[in-house]
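As given, the protein sequences belong to chains A and B, one line each in that order.
Numbering (the working numbering) for the first sequence: 1 to 165.
Numbering (the working numbering) for the second sequence: 1 to 289.
Hints are computed from structural coordinates only; laboratory data are not their basis.
Don't be surprised by glycine CBs; every beta carbon is placed ideally from N, CA and C.
There may be inaccurate statements among the hints.
To be verified - Not the full set, but computed from the structure, chain B residues with beta-carbon under 8 Å of chain A:
#: 1; residue: 71
#: 2; residue: 75
#: 3; residue: 80
#: 4; residue: 84
#: 5; residue: 92
#: 6; residue: 95
#: 7; residue: 132
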Amino acid sequence: MVTLGFGLYLVAHFALYALWLRHVAFVSTEKGIFLYHFVPAASWVLVLGTLWLTGPAVSLAEVILVAGLHGIYSLTFLELWALADGGYSLAILERLESRGEADEPSILAELEGLGGEKRAARLADLLRMGLVEEHDGRYGLTPPGRVAAAFIAVIARLSAAPMGR
Amino acid sequence: MWALGSLAAWLAAIFGHAALRRAAPGIGSLAGFLLVGGVAGLVLALLLLREWSFAMETWAGLSAYAFGCELYIFLFSSIGTSLSAANLYRLRRGARSAEELEERLAGKAMVDGRLQRMVSSRVLDLSDAGYRLTPRGATLLRAYRAGRRFFRERSEPPAPLGRLFSAEMLRWWIVGFAFLGVNLALLYVFVDLLGMPVLIATLIAAEAGLLVRFVVNDRWVFRQSQITLQRLWQYHLAMAGSFAVWWITTNVVVFFGGHYMIATIVGMACSILMSIVTNFFWIWTRSKS
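Just chain A, same shape as in the assembly (with noise of 0.2 Å):
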């Protein structure tokens, strides 16, 4: 029955999206559309594992299921959202297919300067999110900003990831 009634739920959430709320201007923002997956996955495990809690009507497997599926339909959904921004690689394509070939100075030429707005923006953002303050033209991490490089540390070590990129 929880299954059931999730995997309806799941054809409803897209549906909702699709049909309407993909034109809501407040949806369309990255605050917003983390909000519309966080806050109905976060109700459901909270509300199933209560259950799970209080009575026999819910098991552990149900409710590790529906975390389980909600995070990767939403983790899906959020990523191709994300891709979908484009960014340098889109710019790349979308010159080259308009201009048939080109060498690397000047596809350089057309996108230093959107790097450069890319770069500014996020070093703005960061500040903007208390990872990182600045003192006298010098930024720095805070301890949330700390914990956050730490974080991605570990991650770039175990999968050898290349970095600044």
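Given chain A's structure and the hints, the job is docking chain B onto it.
Just chain B now, with coordinates in the frame of chain A:
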């Protein structure tokens, strides 16, 4: 036990991937994880099927494992390309000026990195004449554009339908759902705490809920600066109309042989539609904002 097995398989996939990346640096990060994660997932699936067959525990263990793997792929692939992650990573070793931060992230380095990656994944071809899109790159570009149309391009519906796709509509639904709880709470207060008979309590709770909901709709949903008596009686009339629509529709569907539960759902849908029409196109015809 199944939950621990799922966790163990996830950790095995992460550390197996770390070992593979060091033993065979030539293998791509994503391909490496898919290989190791696929093997760990297969072993987990076999163990769960042997122990639990197709019971809920098997699906729960597999879904938790799949979510963990997707999360890890998301983390390592995004920190490798994210400017914010690169900035935080560099700042671990001490404060830097904006120029120092940009030193390695300068436009040329970024474009170089992306071009190399796109050539190695055969999205681009590199020849003497320069870079050129491959068929795979063209397909990728089409997929990107389809995604952008769906996720990022907001169509502007014609007025007055534009109000149906607005933030005030979203707020209206939030209030509607919230008041399901408020009405229950009011009923509890009147019946259980104040000891009123249910017949009287439901009437008072309905009117009290309606008044509060009107104020919230007027001030928050439709952003009006001044509450007016005209809108208040219009709202009462609209709510009475919505109730009548629900009651009539439900009974008509039952009369024609429909199940009463299905009938009430159809009635609710018609009643909500009626409320949208009256609220948006009669009572609050123009939002202040």
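Are there hints from earlier that the structure breaks, and if so, what are their numbers?
none
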